[in-house]
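*Asks:* If you read the protein sequences in the order shown, they are chains A and B.
Every number in our numbering is 709 more than the matching position in the first sequence, counting from 1.
Every number in our numbering is 709 more than the matching position in the second sequence, counting from 1.
Where hints are given, some of them may not hold.
Just so you know, same-sequence chains aren't split out, so a pair can sit in one copy or run between any two.
Capping the alpha-carbon separation at 20 Å, the derived lysine to any residue pairs in SDA-like fashion look like this [what the hints assert, rightly or not]:
1) K767 x G753
2) K809 x H770
3) K851 x D723
4) K851 x T738
5) K767 x D827
6) K851 x E798
7) K767 x I797
8) K809 x D764
9) K790 x W737
10) K790 x V747
11) K790 x L724
12) K802 x P850
13) K851 x Q776
14) K767 x G845
15) K809 x P826
16) K809 x E761
17) K767 x G817
18) K851 x A766
19) K767 x A739
20) K729 x R772
21) K790 x Q776
For the record, the hints were derived by calculation from the structure and aren't laboratory data.
There are 2 protein chains.
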Amino acid sequence: MQPRISVVTLGVSDLGVARKFYCDGLGWTAAPSSNQHVVFIDVGALVLALFERSDLAKDAHVRADGQGFGGITLAHNVGSKAEVDATIEFVRKASATILKEPADTFWGGYSGYFADPDGYPWEVAWNPFWPLDANGRVQLPKF
Amino acid sequence: MQPRISVVTLGVSDLGVARKFYCDGLGWTAAPSSNQHVVFIDVGALVLALFERSDLAKDAHVRADGQGFGGITLAHNVGSKAEVDATIEFVRKASATILKEPADTFWGGYSGYFADPDGYPWEVAWNPFWPLDANGRVQLPKF
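With the hints as constraints, model all of the structure from the sequences given.
*Replies:* Encoded structure:
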């Protein structure tokens, strides 16, 4: 089984609100195959999907009930502290809730967190030990 | 803000159990920079991180309380129905809980779901409309 995540699907309470946040707010592009039931966004070698939460639970054969922290965070890494600051300011203007203002981290990096309209936490991080390649993808150190 | 997910972090109740499942069970490789507090796995242009759940909530400045479906699913796409079946059999032997046995889907594909030790749902899917590139990454259609 190859190590691979192909899709991250966020179960959302209102697809219109979520689409507005990610596409109009963050400026990301809904793929042409998106429709009124699902939105697909190419996020660099994998797909971010937005889908109604109860439909997603039904698809996965799990109970839809759930509350509080879902246990998963997503991170958007950038190349410098200044880019972390600029990105947090950008998402603040896109109506994101800022969970944590940018600050130095215990592991030697610098990061802030925001929440999307459904409360999913995104970290915006600069990690000096993880260089980004030409496509902006993180590269884990070999040692 | 570039469309990019750099890291998906799963908040886990027991890092040893989660590491055993993903590394010994699924056969994925912990990066050398992993340690007793965190595991990093290269999953193809992004990183899957395993981190203790309450520490993750603390890092994101959210309350750790939460129960039930967390609202996010991950998908692992493969190239055929037979590969879906084989992958579900593989993870079943790795002690995954099978949430949904492989079956044809309403959208014209074929998929099953399993849960990892913390209950996070993974879909194993074949999508005839999303070809995989040489690296196994999904390619969204241009139309």
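*Asks:* Tell me, in ascending order, the numbers of any earlier hints that this structure violates.
*Replies:* 1, 3, 6, 9, 10, 11, 12, 13, 14, 18, 19, 20, 21
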